[in-house]
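Protein chains in written order, with our numbering: chain A, 687 to 1018; chain B, 687 to 1018; chain C, 41 to 371; chain D, 41 to 371.
Since the hints were derived computationally from the structure, they do not count as laboratory data.
Any given hint might turn out to be false.
[Said to hold, decoys possible] Here are the computed lysine to aspartate or glutamate pairs in the EDC-like style, where the Cα-Cα straight-line distance is at most 16 angstroms:
no.: 1; chain 1: B; residue 1: Lys-1011; chain 2: A; residue 2: Glu-969
no.: 2; chain 1: C; residue 1: Lys-179; chain 2: B; residue 2: Glu-969
no.: 3; chain 1: C; residue 1: Lys-179; chain 2: B; residue 2: Asp-1002
no.: 4; chain 1: A; residue 1: Lys-799; chain 2: D; residue 2: Glu-351
no.: 5; chain 1: D; residue 1: Lys-179; chain 2: A; residue 2: Glu-920
no.: 6; chain 1: A; residue 1: Lys-1011; chain 2: A; residue 2: Asp-894
no.: 7; chain 1: D; residue 1: Lys-102; chain 2: D; residue 2: Glu-268
no.: 8; chain 1: D; residue 1: Lys-179; chain 2: A; residue 2: Asp-894
no.: 9; chain 1: A; residue 1: Lys-942; chain 2: A; residue 2: Glu-908
no.: 10; chain 1: B; residue 1: Lys-799; chain 2: C; residue 2: Glu-369
no.: 11; chain 1: C; residue 1: Lys-179; chain 2: B; residue 2: Asp-741
no.: 12; chain 1: A; residue 1: Lys-1011; chain 2: B; residue 2: Glu-969
no.: 13; chain 1: D; residue 1: Lys-179; chain 2: A; residue 2: Asp-714
no.: 14; chain 1: A; residue 1: Lys-799; chain 2: D; residue 2: Glu-369
no.: 15; chain 1: A; residue 1: Lys-939; chain 2: A; residue 2: Glu-885
no.: 16; chain 1: B; residue 1: Lys-799; chain 2: C; residue 2: Glu-274
no.: 17; chain 1: D; residue 1: Lys-179; chain 2: A; residue 2: Glu-742
[Said to hold, decoys possible] Chain C regions said to be covered by chain B (calculated; three or more residues, Cβ under 8 angstroms):
no.: 18; region: 140–152
no.: 19; region: 155–166
no.: 20; region: 205–215
no.: 21; region: 334–343
no.: 22; region: 356–366
[Said to hold, decoys possible] Partial selection, computed: residues in chain A whose CB lies under 10 angstroms from chain B:
no.: 23; residue: Ala-781
no.: 24; residue: Ile-785
no.: 25; residue: Gln-788
no.: 26; residue: Ala-790
no.: 27; residue: Ile-949
no.: 28; residue: Gly-958
no.: 29; residue: Ala-987
no.: 30; residue: Arg-1016
No residue lacks a Cβ here, since even glycine has one placed at the ideal position from N, Cα and C.
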Amino acid sequence: MAETEERIIRYNDAFKETLAELLRDDPDVFIAGEDVGRYGGVFQSFAGLNAEFGDERVVDTPIAEQAIIGLGIGAAAVGLRPIVDLMFMDFVMVAMDQIANQAAKMKYMFGGKATLPLTITTTGGAGLGAAAQHSQSLEAWLVHVPGLKVVFPSNPYDLKGLLVSCVRDDNPTIFTLHKAMLGSQGHVPEGLYEIPLGEARVVREGSDATVVAIGRMVSEAEKAAAALAEEGIEIEIIDPRTLMPFDIETVIKSAKKTNRIVIVHEAVRHGGIGAEIAAQIQEEAFDYLDAPIGRIAAPFAPVPFSPSLERAYVPDAASIIQGVKDALHRNG
Amino acid sequence: MAETEERIIRYNDAFKETLAELLRDDPDVFIAGEDVGRYGGVFQSFAGLNAEFGDERVVDTPIAEQAIIGLGIGAAAVGLRPIVDLMFMDFVMVAMDQIANQAAKMKYMFGGKATLPLTITTTGGAGLGAAAQHSQSLEAWLVHVPGLKVVFPSNPYDLKGLLVSCVRDDNPTIFTLHKAMLGSQGHVPEGLYEIPLGEARVVREGSDATVVAIGRMVSEAEKAAAALAEEGIEIEIIDPRTLMPFDIETVIKSAKKTNRIVIVHEAVRHGGIGAEIAAQIQEEAFDYLDAPIGRIAAPFAPVPFSPSLERAYVPDAASIIQGVKDALHRNG
Amino acid sequence: MPPTEQTKISKEVLFDLHRRMVRIRLLEEAAGQLASEAKIPGFIHLYVGEEAVASGGCVALKDEDQISSTHRGHGHLVAKGGQFKPMMAEFMGKATGYCKGKGGSMHISDLDLGMLGANGIVGAGVPIAVGAAFANKYKNNGLVTMAFFGDGSTNIGAFHEGANMACALHLPIVFMCENNEYAEYTARDRVMAITDVADRAAAYGMPGVIVDGMDVVAVYEAARVAVERARNGEGPSMIECKTYRFYDHAGVSGLGRTYRSDEEVKEWMERDPIKLFEAQLAKAKVMNEEQAKEIHAEIQAEIDEAIEFAENSPMPDPAVDMLTDVYTEAS
Amino acid sequence: MPPTEQTKISKEVLFDLHRRMVRIRLLEEAAGQLASEAKIPGFIHLYVGEEAVASGGCVALKDEDQISSTHRGHGHLVAKGGQFKPMMAEFMGKATGYCKGKGGSMHISDLDLGMLGANGIVGAGVPIAVGAAFANKYKNNGLVTMAFFGDGSTNIGAFHEGANMACALHLPIVFMCENNEYAEYTARDRVMAITDVADRAAAYGMPGVIVDGMDVVAVYEAARVAVERARNGEGPSMIECKTYRFYDHAGVSGLGRTYRSDEEVKEWMERDPIKLFEAQLAKAKVMNEEQAKEIHAEIQAEIDEAIEFAENSPMPDPAVDMLTDVYTEAS
Ligand SMILES: Cc1ncc(C[n+]2csc(CCOP(=O)(O)OP(=O)(O)O)c2C)c(N)n1
Ligand SMILES: Cc1ncc(C[n+]2csc(CCOP(=O)(O)OP(=O)(O)O)c2C)c(N)n1
Ligand SMILES: [Mg+2]
Ligand SMILES: [Mg+2]
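The whole structure should be built from the sequences, with the hints applied where relevant.
Pasting the structure below:
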């Protein structure tokens, strides 16, 4: 990317702009979901699209997540390129069968004949006081399902490039916005560009430890890095960007360099995606590890409502710093 | 257990007998699910119960898994001790919201006031040619949900003791039968007894490597152990029995003894429960490991229908032997 | 409220209906105010305008009966006997709240009052209500469950499964639809091809009636019939209450929105269920303006006290409270 | 098939209806036989007895139209033009099957024929059919989608959500219910409090009709009306076909079961849709017994060939085929 001028826009606006450009670009693309049409989405992430593209292409649906995903599957199976929205990631639960038993498996079950260029958009993560059923990060479930691709952008630039790749991909993809990042800003070029699914980004180079950070945790890791740098500790930060396919090579390369790894994500630690990443690292870089792979993530409880609890529940720069220090203070 | 006489019965019959004894024991216990009543269940796992206890206590329901779980939640919340059945574990997907957003979180969301003595029974696993939507093992999803307990018995004796503990537990539990084990046999005492949830069983002692095996994989591990023993390799086999709470102490103790670990389960490896177990082992026993923790599990594909593919898909004694050898041939 | 019917209802019940409505209204106005001052975190879905539904429904119930609720649950809890202090404290995320601050507005509950929980998932309360109704039938305890749900929720699977199961098992339950013509920011007629949710009752084999949801006596009368039916072992019924929310889907803005016209909002506000009922009560000489005012003032005082209580209450302590209440420990 | 109506139907269509039914019947009998010899692994849900529904429905469609199916999907695929060889091979898990052996009976499909897949999850095909119907409307291509589903499936959420969404979005779709009075081993009247599934249509705002599902012409006529409606942009409709499966839920046992009486089975078998239709055709002098026999023989020969083809086909090779078809690779 050799942009000369920085064009700074909000994460949420990058989403909306990308959708508009995709709708303009390809007549087979349409959007459907609850309140995404005339109202523009509960977070206004779809604002203006219905006005520009009409009720036919930016479609309000009933509250019926199974049918919303099914709408996408059926339409994709016969040649369209649907984008269907689940307002909150927590609602994958009401649509799990359509996502994981139908969309994900159709191609395999049909011996390869089905092609499902389906993109599911949703919003994950905590931080808005939205409590146990509107704050979850459920990517660990999704990466356990062969047939799905899972994407979680950490900044507006990646958001655009990854969303374009999702919509153009011929497989079911799940694209998660972080609802506490909607207002965050960053450089985003105009026009469509792709970031390949399955390529991690090295956010920051460092030699003392590697932090693999997912979604909103990338910015927390950056804060941690700045603070640690003042103490002379240089961490490398890797943002996988795509959780399936997962760019394990980039992580392994870093692990072989720094020898100490901390993985940070917002989901509950137990059974979270950090477990899979850790398991793979120790498989591939066993001899290079000087300390156990650390996992910084949510405790084993539903997301609490109270701000005092929620703040402590979600990992942040402080908990990442602690995790890095734990890894460093361990003898190899 | 100081039984003098062996009473050998089938796994499926142990299930049925335990249910009958529980129904006799506690008038608050009832069973509901599809075909569980008059017909006795698609696998005849509930045969005779409706005749003995009536339509009121062994209840046929519509095909409505969300409502089946909801029936259990509501009834449990007001004081009953429901056992509700999801015919196939794959159907957790249609009921995931009721399981993971409602049952699991109710107590926490309500500040502790709710008590949900709810048992969900189901059948998991492959091996019957039942293809992609009737063969899955989805325990990795369930152990990622705070509030649930997850149980997977590997033999008739444990089945009974664990089922009794589930039904008497004051939390939502998910109890999975393996459908390819229904005809397997073992010693089962008459009468109710409990096996505490969260206590692993050391199936076999050994010093060369530890195999943590789940569900039906326990018997495959035993076959592998016999074959390996002929080559002079003695493996220790641990059957966690309960996947949440997970008895990590027993595993760690064994890891510190054998220094080489292989985890085997039927679910897809990527994001499977083996990842969590591996991540915890390397956290707790980092300095004791002489080889990467191995994971033997299903490849990253839906469960295929064809016998030739399904056979290769599901781990077995041969793949466990290979996994153990890989661990052993690695220099520490 | 034609005079003939009115005479059948005792003054006590009329006062009860009125009091529950006013309790909801004043609590909601206060909560809305606090939310707009950011003293209440998270999302808040106000019940203002729909008070007749929860009140009419719950007055028809016994205290031991159960209700299930929705994301818009404050009104249901108040109508079922919820106390202001732990409610207000819960809204603010305080340790003294009904849920110790862990649930908040969207999960407010009091199982001791038979309130099975507000619910963040549309439709999810319905199967749970069915479960409670099953238990009542199982125990043969004569209790009835009332499931409250919105028009929009009748488009989701959980509602359908619950309604059908309740009818198949012939359970003592009343399905109470709050048809406020919108699901969030989308009008009913854009997401369902029927006008009356009550038309769905026949699909399950239960009676369905439509009542003016701004007329608390009409709601109460219909609920009484349905509750009696359920209590007598005659099975489920559905009541559709035509109602309206005066504020936005969430928060307190009401007018000046794009998804519904100000004229429409104002027309419905003309039919404010509390004003309507107070006028009727005055006309029938059951309660005069003065008396009504006193009741409002008395309740307002209780709310002010509750706010003070909540504001002075401590937040939960992460070190102590984070990991409790996930599981019930063996006793 | 009253003569007046019959005259409206061309001989070609009558032959087509007959041929599709016989193709289903003979394939199913063969499949059942092979399954009981363990030459077909896994579960097998036979369509025998219900041939009039798939045939009547699909003859009313164009080749380019789509259908969705169920766990009992062979009949639908055959009726939509499915070929015996890749079907039989798929049943046996062979590499030459429609799904390369990866799907089997429960997931048999051919998207090229507009057959959106048999489905192992009850009700799950309905939302997918709605998606195809949406695409047809979106592309304005004049195509229609027909969703087949059982009585039992109308109790699950996915059915409800799909039906409502189709009506809300006014899609070109026909909901084709196979009411065979049982869901697995449980009778309809124990799991729903209504007798006619068609009564559910009104809950979504679409017309619902009931037809004799053993009368292929009645099914065809009703389907034609509904398909035309859909094609003309008049929206969804529902047809309930009263039918019966002659064999067990799965496998081939039919009589001697506890969940339904032999008398009941035999009564329905008296109304075998193929026998009924052949008698009508003979009476109307459209096709005599001889001709019918020839058609059976010709189809049987094709099936025998398919069995041979399937038996001689290779199994998929795990080393090669296990991990293909999970994702579509970028081209
Ligand atoms: C399964 C699910 N889908 C979507 C939402 C988001 N949502 C919350 S309230 C609501 C509208 C509900 O409409 P209705 O049932 O009519 O209740 P009302 O808000 O009008 O009282 C929606 C879509 C949700 N909470 N759960
Ligand atoms: C979600 C789900 N629940 C349960 C089942 C098990 N099951 C398979 S077929 C069937 C009965 C379906 O009945 P119906 O829809 O009437 O179709 P029929 O078998 O009578 O053709 C059931 C319960 C399933 N496959 N999927
Ligand atoms: Mg509404
Ligand atoms: Mg049926």
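Assertion that chain B covers the region 334–343 of chain C - criterion: three or more residues, beta-carbon distance below 8 angstroms: Three-residue rule not met by the region 334–343 of chain C, so violated; n is 0.
16 angstroms limit on alpha-carbon distance, applied to hinted pair B:Lys-1011 and A:Glu-969: 15 angstroms, holds
Restraint check, 10 angstroms cut-off on beta carbons, for A:Arg-1016 near chain B: With Cβ-Cβ at 8 angstroms, under 10 angstroms, it holds.
16 angstroms limit on alpha-carbon distance, applied to hinted pair A:Lys-942 and A:Glu-908: Measuring from Cα to Cα gives roughly 21 angstroms; hence the hint is violated.
Given hint C:Glu-369 paired with B:Lys-799 - CA-CA distance at most 16 angstroms: 13 angstroms, holds
Residue hint A:Ala-790, partner chain B, criterion CB-CB below 10 angstroms: 7 angstroms, holds
Agreement of D:Lys-102 and D:Glu-268 with the hint, judged by alpha carbon distance not exceeding 16 angstroms: 11 angstroms, holds
Restraint status (C-alpha distance of C:Lys-179 to B:Glu-969 at most 16 angstroms): 50 angstroms, violated
Agreement of A:Lys-1011 and B:Glu-969 with the hint, judged by alpha carbon distance not exceeding 16 angstroms: OK: A:Lys-1011 and B:Glu-969 at ~15 angstroms, within 16 angstroms.
Proximity test - 8 angstroms, beta-carbon atoms, the region 140–152 of chain C to chain B, at least three hits: That given contact holds, which follows from 9 residues of the region 140–152 of chain C lying within Cβ reach (below 8 angstroms) of chain B.
16 angstroms Cα cutoff - pair A:Lys-1011, A:Asp-894: 10 angstroms, holds
16 angstroms limit on alpha-carbon distance, applied to hinted pair C:Lys-179 and B:Asp-741: 14 angstroms, holds
The earlier numbered hints that this structure contradicts are 2, 3, 4, 5, 8, 9, 16, 21.
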